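Asks: Chain by chain, the residues run as shown.
There are 8 protein chains.
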Amino acid sequence: MTASPVLWILGSDSDLPHIEPGLEALRALDIGYDVRIMSAHRTPDDVEAVVSSARSDGVKVICAVAGGAAHLPGVVAARTTLPVVGVPVPSNLSGGLDSLLSIAQMPGGIPVGTMGSNKGGGKNAGLFAAAILGVSDTRVAEALSTYREKMAEGVRKKDAAVRASV
Amino acid sequence: MTASPVLWILGSDSDLPHIEPGLEALRALDIGYDVRIMSAHRTPDDVEAVVSSARSDGVKVICAVAGGAAHLPGVVAARTTLPVVGVPVPSNLSGGLDSLLSIAQMPGGIPVGTMGSNKGGGKNAGLFAAAILGVSDTRVAEALSTYREKMAEGVRKKDAAVRASV
Amino acid sequence: MTASPVLWILGSDSDLPHIEPGLEALRALDIGYDVRIMSAHRTPDDVEAVVSSARSDGVKVICAVAGGAAHLPGVVAARTTLPVVGVPVPSNLSGGLDSLLSIAQMPGGIPVGTMGSNKGGGKNAGLFAAAILGVSDTRVAEALSTYREKMAEGVRKKDAAVRASV
Amino acid sequence: MTASPVLWILGSDSDLPHIEPGLEALRALDIGYDVRIMSAHRTPDDVEAVVSSARSDGVKVICAVAGGAAHLPGVVAARTTLPVVGVPVPSNLSGGLDSLLSIAQMPGGIPVGTMGSNKGGGKNAGLFAAAILGVSDTRVAEALSTYREKMAEGVRKKDAAVRASV
Amino acid sequence: MTASPVLWILGSDSDLPHIEPGLEALRALDIGYDVRIMSAHRTPDDVEAVVSSARSDGVKVICAVAGGAAHLPGVVAARTTLPVVGVPVPSNLSGGLDSLLSIAQMPGGIPVGTMGSNKGGGKNAGLFAAAILGVSDTRVAEALSTYREKMAEGVRKKDAAVRASV
Amino acid sequence: MTASPVLWILGSDSDLPHIEPGLEALRALDIGYDVRIMSAHRTPDDVEAVVSSARSDGVKVICAVAGGAAHLPGVVAARTTLPVVGVPVPSNLSGGLDSLLSIAQMPGGIPVGTMGSNKGGGKNAGLFAAAILGVSDTRVAEALSTYREKMAEGVRKKDAAVRASV
Amino acid sequence: MTASPVLWILGSDSDLPHIEPGLEALRALDIGYDVRIMSAHRTPDDVEAVVSSARSDGVKVICAVAGGAAHLPGVVAARTTLPVVGVPVPSNLSGGLDSLLSIAQMPGGIPVGTMGSNKGGGKNAGLFAAAILGVSDTRVAEALSTYREKMAEGVRKKDAAVRASV
Amino acid sequence: MTASPVLWILGSDSDLPHIEPGLEALRALDIGYDVRIMSAHRTPDDVEAVVSSARSDGVKVICAVAGGAAHLPGVVAARTTLPVVGVPVPSNLSGGLDSLLSIAQMPGGIPVGTMGSNKGGGKNAGLFAAAILGVSDTRVAEALSTYREKMAEGVRKKDAAVRASV
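Chains as they are written, first to last, in the numbering used here: chain H, 1 to 166; chain D, 1 to 166; chain Y, 1 to 166; chain V, 1 to 166; chain G, 1 to 166; chain C, 1 to 166; chain B, 1 to 166; chain R, 1 to 166.
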């Protein structure tokens, strides 16, 4: 039980910038995480090995990140009963419609909690993982409330600036 | 703290059949739930009141179900830091593409874990709620493992039947 | 009753350039407006407070501007019986198809008058607000007629220029 | 000035069932309306004649209803500065995506307030017309508030029924 | 009867570059053309006047060019029984899917011969107009055959170049 | 020169009902036609033979009808400089979006005048063929004007009926 | 080496009717096949075991059939270097657009030869498997040629029937 | 029998960069190939001549590459019973949705093994051609296994680098 509670698995290291805001959110909430590059298609055995032992290793939520056919989140979900958060990476096809459908349209029995294929998806994956941890961890729940307050303050500052300028 | 751990909020009672497989899954896993009909647009105060106090009432996961513009899951997520599972109901527009996009494409900051707009989405919402509970509840985690084993057995039986007949 | 007749609510200040042509149209028509930055998800109480009192404050039309899941126009419409004009901001997904569907596909009972997710949408929101005011305000109706005449003249000038050059 | 305040123009009489809920809403709100069948493509002169004189005839809002290429709302809007509500009729192509795009994606300068291409679109056109009238007509504004209260009550009754049965 | 046989009507002079290859094709085929900037929504009377008299003026084919809601080709077709070629200009929404659907999905009775919303659409409008003229004009038919031969030679030269280099 | 002026080529005899309204329109306009079943993929030599000699056989317009990948109109257009009208048959994919795109998105050089993938497409193919013939055939042009007048009368009758009943 | 040369793997036995025409085609070509029901998500170990040993068991082509997220073909392709034919089953979302994209949009490195999500996809999978076998098996190549001749004859018979009746 | 086993046919030499990774893969696997530029629409006779004799010339797999209406793969498949791999080139319309649908949605009887319209599609066409050859050529099958091992090593190196840096 030495793993961080949140495990990110990316199909490609080129997806790292997309999830950086999610990693940042976890750091802001003081939640540990690990990041792995593993491919559902090119290193399926590695995915299976890491995911199969994830719960016993101490992982509590897995964020799986992929684009296009984007099988990784479903393949991960097939190997664990931990909650799997799917992050569709924006692609060339309608801005990621393929990524989104390939992750969201899972058959009944194996769910993946899917984020948007927009810019906010990477950040939201981190925050959703935190929300899951917050179900049983009061400190995280309170940190999320504080985080939201800060977001609201940010909106209000912009509102004040616009009202002053328009 | 008297509420069931899983709270379903539906925008319309016509969506009940879509989530019945999810309720059935929760019953099979011996997890309690409540079902409410509340509209993000027609009864927004009711949504706010129920959701704002959900965590203190003992709710741990909220499954929000809606079709078309499908604002309910996002509106619910705006009022709680509990994990919100969004269930897009199939619609007339491309089989629910509007429902899916309206729920999944949340802005950075307020995540919704989105299910598919397919037939399996309602069932998967129940199972995903269970997976979230299973993070800190060993009994649920084990029940999910058993549930998966049964699903695998079901596939294997069909495989045997087909191999015998083809 | 001190508010301007047209109230713009934007989910993000990054959407300001998109609606600037609409603000310009209102200035050309000598119609007052206010601009607020408020988020359906991050500052829902602020939205509710401002919108609930809008009619009594003297607001006559609300233009709500958002992208992606774009719940803001629907959330605004749920809190007022004033006409709400929804402005879908172009996004990465098919150029704003998500924004458009999330705003247009409202359930029966709570309408939002939706503009296009194209470049002209921001301008048209201002003009549509003016058309609504023009129903009972003869000065505005006449200003709109003049505005249209100028547009027609602009087209005719371009026609003449092209005919001269081709 | 003998016309009803709301004028419905339909491209085809086969679209009547789609807008019947909107007519019903107007009757419930005690607002008069007329219904015309006129085609932007087959009887363009009739459309022009009726629309050009609409304001002076006493019309205050025009609801234009069409499917597929659905040019009628835009063609109507080109001939009046009255607010035009566009109602995309569901079609065979993705459930009316063609109708929706053809109505919503107007160029800057000539706005159409577009409803959804879903079942609720016809009803919402009537309610949006009422909201526009309510800007300057206190009786209508109050009738709309009452109408909303009844809708809320309807949702609450269904909620109670579901809570009693589940 | 002094008009050129091919009349181009563009909703905006910003669409000129899109059709330049079509004008070039007509010049190559020695076919005369005129270009007008007229808007279905901003100068509908001008469109009507020019189109209604087009046949008697000697026009034989009209190429109507527009993007987004793109009503111009249909509005033109409503005013003449000459063949109307519709040219959807690429837009922000899926690269012009809105333009294409708004032009192609005409109701039964008023046809528009629609080109693609791709780069080749402007060129093909010119060539299709030529093909229509070629039905009764042997010189044009022969010029088209020669034009095709040159295109084939162009492909064969590229083939030879690639085979030599790969 | 014994062929009818309009040649219909269908990829499958199951598409006959879709074009029956177009055949009916040609009969109403007293224009001759032939109908062939030939497949771009299963009988490509037959397509080539018939199309290559079409002009010299007296054909003036070819209407090519296909669904799904729908290569037939483009394959026909590659073998003749006669105007080719493409008719996308409604399919299971978004109501014929595949058929429409496969026919409309031709590369620059080989145009196909594409009809809608809606119910009206088959009828419009016949009317568009007539419009092409009407460029040089005064009788057809006049028959088309009469046909349009009858359509307008049909709309006006429905208008009168609705006005009497609502 | 006792397996049939073509191995079909279906995610669900409900997909059997979709591929029956493909099985029929293989029988007509006298090519042996096996059919298995195995799920990428519910029985991933079974998929892995069967696919990993497929080549050594004598399998030459695998046809993998799935709908929605449709990960099965990609998951199969990840476990073998045999050619994998992907068969997207029509679904509720745009007639199978999700199935098609989830199978076709594979990342560089692991190809899947994808069929259409239309009715013909199941039949074509069988014929494509045959074409692959025909590369090195003259008997199969000749059987395919005969099969095509019969298809062409079928088209010609329909052509003759239509020409006789129209 | 002097041709290379893999024949690439491109509709345009501008598509060469898209397939360069596929050519590179074939070189890495020591498999010969030829590249031709031939158009289904502009040089149909050339396509027919080359494809009809391909099998007797020693070709074993044809990769056909096209964008937009993208008829080339289907036109090629109509002229041979060799396996045809279709490569949809990314386009302006939703990133190549038109190309993908035009290639994938073939009618029952004439299959095309379709790659993705994404960046990986060109590479995968080469690898899929290799997989087909590997059915009967042990050297190629072994080279493919080695190739995959190298890809897996590449992923593992990136994984190690990310784990070291995050």
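I should point out that these hints are in silico values taken from the structure, not numbers from a laboratory.
These numbers were taken from a predicted model, which means no experiment stands behind them.
Take these hints with a grain of salt, some might be off.
[Said to hold, decoys possible] Keeping only pairs whose Cα atoms sit at most 27 Å apart, straight-line, the calculated DSSO-like set for lysine-lysine is: (1) H/Lys158 with Y/Lys119; (2) D/Lys119 with D/Lys150; (3) R/Lys150 with R/Lys119; (4) C/Lys119 with V/Lys119; (5) V/Lys119 with C/Lys158; (6) G/Lys158 with R/Lys119; (7) B/Lys150 with D/Lys119; (8) B/Lys119 with B/Lys150; (9) D/Lys158 with B/Lys119; (10) V/Lys150 with D/Lys119.
Asks: Could you work out which of the previously given hints the structure breaks and list their numbers from low to high?
Replies: Of the numbered hints given earlier, those the structure breaks are 7, 10, listed in rising order.
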